[in-house]
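Sequences and hints are given; from them, build the entire structure.
Position 22, counted from 1, in the sequence shown is what my numbering calls 22; the numbers after and before it change by one each time, with no gaps.
Simulated from the structure, these hints should not be mistaken for laboratory data.
Don't take each hint at face value.
Derived lysine to any residue pairs resembling SDA-like cross-links, with alpha carbons at most 25 Å apart [what the hints assert, rightly or not]: (1) Lys167 to Met96; (2) Lys152 to Ile195; (3) Lys160 to Arg95; (4) Lys152 to Glu325; (5) Lys167 to Gly101; (6) Lys152 to Gly82; (7) Lys160 to Val103; (8) Lys167 to Gln202; (9) Lys167 to Ile195; (10) Lys167 to Pro102; (11) Lys491 to Asn302; (12) Lys167 to Arg487; (13) Lys491 to Ser353; (14) Lys167 to Ile483; (15) Lys160 to Glu256; (16) Lys160 to Asp92; (17) Lys167 to Leu493.
Simulated restraints on C-beta separations [what the hints assert, rightly or not]: (18) Glu453 to Ser113: 24 to 34 Å; (19) Asn306 to Ile99: 26 to 36 Å; (20) Asn302 to Gln331: 46 to 56 Å; (21) Ile165 to Glu409: 43 to 53 Å; (22) Gln194 to Ile445: 24 to 34 Å; (23) Thr312 to Gln86: 19 to 29 Å.
Think of the CB as a built atom: it goes at the ideal place given N, C-alpha and C, for glycine as much as any other residue.
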Amino acid sequence: MTRHSRSLRMKRILGAIAAASVAFASACTQPDNQEDADEEHPAFGYQVASELRTTNAGSLEGVSTAAQALSGSLYPGVYVPGPQGQMIPNTDLVRMQEIPGPVRRVNYTLSDSAVFSDGTPVTCSDYLLAFTAGTNPGIFGSHMPLFEDTAKLTCAPGSKDFTLIFKEGRGARWRGLFEAGTVLPAHAVANQLQIPLDELHQDLLSENLTDLQPIAQVWREGFDLRNFNPELQVSFGPYAVARVGEQGEVVLRANEFYYGDAPQEPELVVWPGSADSAHLAETGGLVVGDLRDLTPDWYDPNAEINRLTVETMVGELTEALMFPEVGTWSQPANRQALSKCVDPRRVAEASSSVAGIDVPVTPLHIVQHGDPLAKRLMGEAGPNLNVDISRASELAGTEVRIGYAYPNERYAAMVESIRQSCEPAGITIIDVTGDGKTLADLPRIEYGEWGQEIWTEGEVDVILHAIDPMREYPATTNRSQEIGLLRAQEKTLWQELPSLPLAAQPATFAIDRNVSNVVPYTGLSGIGWNMNRWYLDPGAEAPEESTEPK
Numbered sequence: 001m002t003r004h005s006r007s008l009r010m011k012r013i014l015g016a017i018a019a020a021s022v023a024f025a026s027a028c029t030q031p032d033n034q035e036d037a038d039e040e041h042p043a044f045g046y047q048v049a050s051e052l053r054t055t056n057a058g059s060l061e062g063v064s065t066a067a068q069a070l071s072g073s074l075y076p077g078v079y080v081p082g083p084q085g086q087m088i089p090n091t092d093l094v095r096m097q098e099i100p101g102p103v104r105r106v107n108y109t110l111s112d113s114a115v116f117s118d119g120t121p122v123t124c125s126d127y128l129l130a131f132t133a134g135t136n137p138g139i140f141g142s143h144m145p146l147f148e149d150t151a152k153l154t155c156a157p158g159s160k161d162f163t164l165i166f167k168e169g170r171g172a173r174w175r176g177l178f179e180a181g182t183v184l185p186a187h188a189v190a191n192q193l194q195i196p197l198d199e200l201h202q203d204l205l206s207e208n209l210t211d212l213q214p215i216a217q218v219w220r221e222g223f224d225l226r227n228f229n230p231e232l233q234v235s236f237g238p239y240a241v242a243r244v245g246e247q248g249e250v251v252l253r254a255n256e257f258y259y260g261d262a263p264q265e266p267e268l269v270v271w272p273g274s275a276d277s278a279h280l281a282e283t284g285g286l287v288v289g290d291l292r293d294l295t296p297d298w299y300d301p302n303a304e305i306n307r308l309t310v311e312t313m314v315g316e317l318t319e320a321l322m323f324p325e326v327g328t329w330s331q332p333a334n335r336q337a338l339s340k341c342v343d344p345r346r347v348a349e350a351s352s353s354v355a356g357i358d359v360p361v362t363p364l365h366i367v368q369h370g371d372p373l374a375k376r377l378m379g380e381a382g383p384n385l386n387v388d389i390s391r392a393s394e395l396a397g398t399e400v401r402i403g404y405a406y407p408n409e410r411y412a413a414m415v416e417s418i419r420q421s422c423e424p425a426g427i428t429i430i431d432v433t434g435d436g437k438t439l440a441d442l443p444r445i446e447y448g449e450w451g452q453e454i455w456t457e458g459e460v461d462v463i464l465h466a467i468d469p470m471r472e473y474p475a476t477t478n479r480s481q482e483i484g485l486l487r488a489q490e491k492t493l494w495q496e497l498p499s500l501p502l503a504a505q506p507a508t509f510a511i512d513r514n515v516s517n518v519v520p521y522t523g524l525s526g527i528g529w530n531m532n533r534w535y536l537d538p539g540a541e542a543p544e545e546s547t548e549p550k
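Written as structure tokens, this is what we have:
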């Protein structure tokens, strides 16, 4: 088959996928009496702050909407985040051996028991797909920056063993690769393209744009929950997606093929942040929540009897302005000038006023604000906090469109703070969020059917987004003994400004008093990092929390 005929066939396949998805959604619509029954006996509900747009946590849209909160239980990472920020090897899935040296290598051996929810073995082809997406962000529309450190992934089709090879002197943060929600089913992608898995595997190795484009399109678009395709979205985690509801809620069922311990709750409903939290709380449908509203009106902390406890805390992520890699704001000089009218201290104060707690300024790129090394790097970051209107005035007359993932009072206050501080420099800041904007809405280069570059201006100039510095920036080292290298990298990042760090992200959790094993976590996976261990006992009076990850 020629590549041209495959490209033409791809259009027909995607049309068929969309039609099948609509048919499946219609078939899964619940009858009225079932909806009434659900209202009387609501399923275990977990609400996330963002929208549930995709299960692909490595895509631009998935990164922007914190898809890991859901997909971490569908496509587990090779390391599991612990409640205190630990990196815990997922030995049920894979074993790893690091071979240090000038060129770092990591050998991975997947468990023979690891299979998808359709019974297909998990193999190195699934990791090759993630590697190829991560190393070709322009083609795939991906955002997995740690892959910048990698050089090659070697494996044979169908094998349980593979080796990841890094560029010389790179790969200090290799444990952050193949994280939750980024390793997707290669065999299901091949099925959608109507080609054998071996052929898909070879296409991934080819580095040929014509070969990669149809794969990239399915990878980027096929995991969209608004057009749920059950044949594509097969899982190798403790849960699998059963269906998607009318309000965007995702119903999870226990994966019968899961190779680890079965989840405690056989079914969960994951609700998007736009769902009515008050109604869910009132009807018992909200059991655990990572709430969008940090001070919900429906919660009275002084009530004599509260089924839920609600607590706000400072999280470990850094909220930052993310710049595009093309266009006006790809130029470091323009980023530098804009940064001189943005006052991170005022932005943090604006965030704090809505959150109801003190949110600290977090001016570091390379480490989290709570890292023990943070204070030792402040010499490189601290001076950049000062406003310089004369320097910012170089951009007088410029409009800057800022967006974020969903409508939110706190984010709006942060952008308003930026608008006020930049106004004296003649820079107009416009909040263009609307229903939500993602990294996919920034200006970028896309590739046409025949490989030609297509410029997209985007609907937004800058995205306000929460990042984990340990995942966002490949580091020369993680060692405190080599603090000089980290200082040099922090200095370089402040010169290039791929992002402008502002303040720590606050998080508000709601937890039913009768649920066990819920451990608040403010990293990328959110409080749902161990949802397969949650257990609701309506008869329990004071459930104990376990901090033992699984």
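How the hints compare with the structure:
Between the alpha carbons of Lys167 and Met96 the distance comes to roughly 19 Å, so the proposed pair stays at or under 25 Å and holds. At most 25 Å may separate the alpha-carbon atoms for a hinted pair to count; Lys152 and Ile195 meet this at roughly 24 Å. For a cut-off of 25 Å, the pair hint linking Lys160 to Arg95 stands: about 11 Å separates their Cα positions. Between Lys152 and Glu325 the alpha-carbon distance is near 24 Å, which keeps this suggested pair within the 25 Å criterion.
The straight-line distance between the Cα atoms of Lys167 and Gly101 is roughly 11 Å, inside the 25 Å bound, and the hint therefore holds. The suggested pairing of Lys152 with Gly82 is violated, with an alpha-carbon distance near 29 Å, which exceeds 25 Å. With a CA separation close to 23 Å, the supplied pair Lys160 and Val103 stays within the 25 Å bound. A threshold of 25 Å between alpha carbons decides the hint, and for Lys167 with Gln202 the separation of about 22 Å falls inside it, so the pair holds.
For the proposed pair Lys167 and Ile195, the alpha carbon gap of about 32 Å is over 25 Å, so the pair is violated. Using a Cα cut-off of 25 Å, the hinted pair Lys167 and Pro102 holds, with the two alpha carbons roughly 9 Å apart. For the given pair, Lys491 sits about 48 Å from Asn302 by alpha-carbon distance, which is inconsistent with the 25 Å threshold. About 21 Å separates the Cα atoms of Lys167 and Arg487, which keeps this hinted pair within 25 Å; it holds.
Proposed proximity of Lys491 and Ser353 is contradicted: the alpha carbons are some 31 Å apart, above 25 Å. Taken as a hint, the Lys167 and Ile483 pair is honoured in the structure, with Cα atoms around 21 Å apart against an allowance of 25 Å. For the given pair, Lys160 sits about 21 Å from Glu256 by alpha-carbon distance, which is consistent with the 25 Å threshold. Taken as a hint, the Lys160 and Asp92 pair is honoured in the structure, with Cα atoms around 14 Å apart against an allowance of 25 Å.
Among the hinted pairs, Lys167 with Leu493 is consistent with the structure: their alpha-carbon atoms are about 20 Å apart, no more than 25 Å. Taking 24 to 34 Å as the suggested C-beta distance range, the pair Glu453 and Ser113 does not conform, at roughly 44 Å. Our hint of 26 to 36 Å for Asn306 and Ile99 is violated, since their Cβ atoms are close to 53 Å apart. For the hinted restraint 46 to 56 Å between Asn302 and Gln331, the CB-CB distance of approximately 53 Å keeps it satisfied.
Between Ile165 and Glu409 the CB atoms are about 47 Å apart, so this pair conforms to the stated range of 43 to 53 Å. For Gln194 paired with Ile445, a C-beta distance near 29 Å keeps the hint of 24 to 34 Å intact. Distance hint check for Thr312 and Gln86: the Cβ-Cβ separation is about 23 Å, which falls inside the suggested range of 19 to 29 Å.
Checked against the numbered hints above, the structure breaks hints 6, 9, 11, 13, 18 and 19 and satisfies the rest.
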